[in-house]
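J.: Dock chain B against the given chain A, drawing on the hints supplied.
Heads up: the protein sequence lines correspond to chains A and B, in order.
All the letters of the first sequence, read from the start, carry residue numbers 0 to 594 under numbering that gives the first Met the number 0.
All the letters of the second sequence, read from the start, carry residue numbers 0 to 177 under numbering that gives the first Met the number 0.
Derived by calculation from the structure, the hints in this document are not laboratory data.
For clarity, every value in this text was computed on a predicted model and none was experimentally measured.
There could be a bad hint or two in this list.
[Stated by the list, open to error] Cross-link-like lysine-lysine pairs, in silico, DSBU-like; alpha carbons within 35 Å at most:
(1) K340(A) - K175(B)
(2) K76(B) - K548(A)
(3) K548(A) - K139(B)
(4) K559(A) - K76(B)
(5) K340(A) - K501(A)
(6) K525(A) - K175(B)
(7) K175(B) - K2(B)
(8) K139(B) - K525(A)
(9) K559(A) - K139(B)
(10) K45(B) - K32(B)
(11) K525(A) - K340(A)
[What the hints assert, rightly or not] Among chain B residues calculated to face chain A with C-beta under 8 Å, some are:
(12) A62
(13) G100
(14) K130
(15) V137
Cβ coordinates follow ideal geometry from the N, Cα and C atoms, glycine included.
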Amino acid sequence: MQPSDTLDTILPLRPRRPESLLQVLRDIQEIHNHIPAGIDLAVADALDVPLARVRGVIGFYSFLSSEPQGRYRLLFSDNITDRMLGNQDLLQTLCGKLWLEPGKLSEDGLVSVDTTSCTGMCDQGPAMLANGRAITRLSHHRINEIAELVRSQTPVADWPVEFFRVDDQIRQSGPLLDCGPMAGEALEAALDRSPDGVIEQLNLSGLRGRGGAGFPTGRKWAACKEASADTRYVVCNADEGEPGTFKDRVLLTRHADLLFEGMTVCGLTVGAKLGFLYLRGEYRYLLEPLQQLLDKRRQAGLLGVNIRGQAGADFDIVIHLGAGAYVCGEESALIESLEGKRGIPRNRPPFPVTHGYLQKPTVVNNVETFCAAALVTLHGGDWFKGHGTAQSTGSKLLSVSGDCARPGIYEYPFGITVRQVLTDCGAANTLAVQVGGPSGTCIGPHEFDRRLCFEDLATAGAFMIFDDTRDMFEVAHNFTDFFAHESCGFCTPCRVGTSMLKGIMAKVAAGHGTRHELDEVEQLDKVLQQSAHCGLGHTACNPTLDMLKRFRPAFERRLKSLNFQPDFDLDGALARARAMTGRDDAGAHLRTEEA
Amino acid sequence: MAKLRVATTSLAGCFGCHMSLLDIDERLFELLKHIEFDRTPLTDIKHCGPCDIGLIEGGICNAENVEVLREFRRNCKILVAVGACAVTGGLPAQRNHLDLGACLTEVYLTEPGLAHGGIPNDPELPLPLDKVHPLHEVVKVDYFLPGCPPPADAFWQFLTDLVAGRTPELGHGLIKYD
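This is chain B alone, in the form it adopts within the complex:
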């Protein structure tokens, strides 16, 4: 049977969810008998091609996040929001009750001790959105893997279910809300 192609990325996240995926430890070898990685920090492939599964950690805080998310949605048959930030916006979304302009002003212009170099405007830098959004507010998301991070066993259960052609189901203890 052909291997399932899996892409992963971290947007406005901390890579903690990726670390948790790696925590499946030696089961990674078993998993690699059934899947192969496309774009992911593990392969360093820069753009994702047609895939079966896309795992995205982190919410959407800037223009580049939107472009990457759209690239994943275009290419992945199944798109999964992984972890609290992807599911709800998480920690980065704490800035949502602040005005973006006031944030930038305080950080780059008025806060004592910081270089008064002005607000960065290099075209290479992605522009921040006025609010941080969870994935499902920008594209359609097929599955949600909650937790901060989701436990390694949740990744294992979820991926082995999909590999076996079952509807993924996380049993007791695998759904985390913190």
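Just chain A, with the same shape it has in the complex:
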């Protein structure tokens, strides 16, 4: 397709509003594997937004690019769990076979190979995205096949189906995962109970948000319902970007009907007519099945106008695809992204419940929260309260990955001990567990009796296991690079601070670190805590500090000198000048300072 024809095909499918910007750019990227020159101006005209905003959005999202990325863009997921499964070696091998350097387009413009943040396949990695489609279980054998398919220019759509197999790997189920197909049961209950009745049951249930912060769901819905406005919105946060988390992927695969039911119940309860499912770009392959399910529900009278035949019960759901930005998991950044802008977190307050999408009251909840809300509506708050602890009712899905015999999804009542999870998943000689992903907490063996619940170890679901063969410095290093890559760049403390932290870790990794660098991490943490704009900056130093506290020897054995050392070779920095002048006298050299 010619770039000039692209817009004629795409635009009629989208509302001609500024909010469609990100979706339109995604469509263009999918067709051309980049945003061709000149088309940005046409998009700006068509959607009535400034050109600078179009270019700003292209520059912001990892999966959009104004430079050609080749007909095959292969992105290796680069979470620590992928690294532990050998993704670096596979990446080098693939680059060798295709005769190219990582991050660079091949000379014939055919293919590029690079890394991307965690793609949510940690239990079946190493993983990659081939033109946006997830491939799991990479091995040398599979890499050979991929290299051959690229060389023979076979379209990704014709690659073996087995490559794209994504398993649910449910290892332990509970009330949520055991729930059968949902075809209006919770909706029926909601219509019977009336909006206030639904909120009453939610309050009674003690349900708290599953995205990590744990805000009481009933209070959120009530606040949105009571906010004065003519329009309200429901948003489901399925931008599951926290490395090591993949439980929403499984819910979207197996229990999307329950999710849609929960969103619809929310819409009818708070008085919203429209809901958005913000699906992370890495889960692009789920788009068609989800669209089909939405159609099915519309035909069954579970979505659309006069739901279940009740006049005025109108609600529909639109799916919005992300484009590779971790920060969009923050609810206000997610709303910005829904509005077609760069995903920069807003100042809060005001909170989305009063000023959300298009400044209208908006409920933003996690996938798991909507599913749980549907169950509460169906079975009642008392039933829900029967599981979990006093402050953390119900069950929680854990995404277990790393060093264990049975990685996958585990559903437990809140309050389960870390040790129990480790036993159930067959983890041996465990050195550490990263609970809640890089922005969560890293714990060591003396803490394995701690409980997973809001009272103790709060978690959004990531559970990455490291055994005693692992180097915890490498883990911290990986997380540090992740935060530097994912900082949105809006506020200087985070943009510069995460890069400085990355620089410190690289310096220590290269053997130039001293005590000075370890102290610098604490200083940086103070600056970020005090001055970063959002939670990304606030938590960026956490993994390093957690691991310094618990696994200091992993850092200290890399320190070679008590005195400060430059992170570059000073004498080597004179080599170019020596070559140009032909000098090699004593003054043309710098000795290394004694340690």
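T.: Only chain B this time, still in chain A's reference frame:
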């Protein structure tokens, strides 16, 4: 009380920071009741001895800068990066995105109108580093005094704080980023 010994120098800088220090004007006499100068352009002492405070303006662009910086670090209890060039590399660091060899070739060999005398190779001349670095990338730096230049009042506040034994703190208006 014994006077604090202070050394100062300008590396890859323009002496503007030193001029700004002198802009404390008559307060210099008050300051000299509490400090005495070691190596500095004001005394013309060539090498620095044991000192309490070292003030360095300018970044690190050549081998001699490295040697002087190391001499200061060895001798000064407190080392201060003074001004934009010392803190970030500043104006001289604008050459960092150019290849040093290409720079030397253009300046000494190909640029019309310049004497075609070849690239200077006298051993008396310090060799340039391939990149200009801020001080803290080469040695540990204790304090940073930002600004181009830092205002005279910032020098005054900083030094009087240290003389009084307080942790230096620059209030509103004293921290400059340009």
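J.: All the hints need checking, so say for each whether the structure fits it.
T.: Checked hints:
Restraint check: the Cα-Cα separation between K340(A) and K175(B) comes to about 33 Å, which is no more than 35 Å; the hinted pair holds. With a C-alpha separation of about 30 Å, the suggested pair K76(B) and K548(A) falls inside the 35 Å cut-off, and the hint holds. Between the alpha carbons of K548(A) and K139(B) the distance comes to roughly 24 Å, so the proposed pair stays at or under 35 Å and holds. The straight-line distance between the Cα atoms of K559(A) and K76(B) is roughly 23 Å, inside the 35 Å bound, and the hint therefore holds.
Under the criterion of a C-alpha separation no larger than 35 Å, the hint pairing K340(A) with K501(A) is consistent with the structure, at around 27 Å. A C-alpha spacing of about 22 Å is found between K525(A) and K175(B), which places the hinted pair at or below 35 Å, so the restraint holds. For the hint pairing K175(B) with K2(B), the CA-to-CA distance comes to about 29 Å; that is within 35 Å, so the pair holds. Restraint check: the Cα-Cα separation between K139(B) and K525(A) comes to about 20 Å, which is no more than 35 Å; the hinted pair holds.
The hinted pair formed by K559(A) and K139(B) meets the criterion: a straight-line CA distance of about 16 Å does not exceed 35 Å. With a C-alpha separation of about 23 Å, the suggested pairing of K45(B) with K32(B) holds against the 35 Å cut-off. This hinted pair checks out: K525(A) and K340(A) have alpha carbons roughly 30 Å apart, not beyond 35 Å. For the restraint placing A62(B) at the interface with chain A, the shortest Cβ-Cβ distance is roughly 6 Å, inside the 8 Å limit, so the hint holds.
Using the Cβ-Cβ criterion of 8 Å, the hint placing G100(B) at the interface with chain A is satisfied: the shortest such distance is roughly 5 Å. Checking K130(B) against chain A by beta carbon gives a least distance of about 7 Å; that is within 8 Å, so the hint holds. Because the closest C-beta pair between V137(B) and chain A is about 5 Å apart, less than 8 Å, the hint holds.
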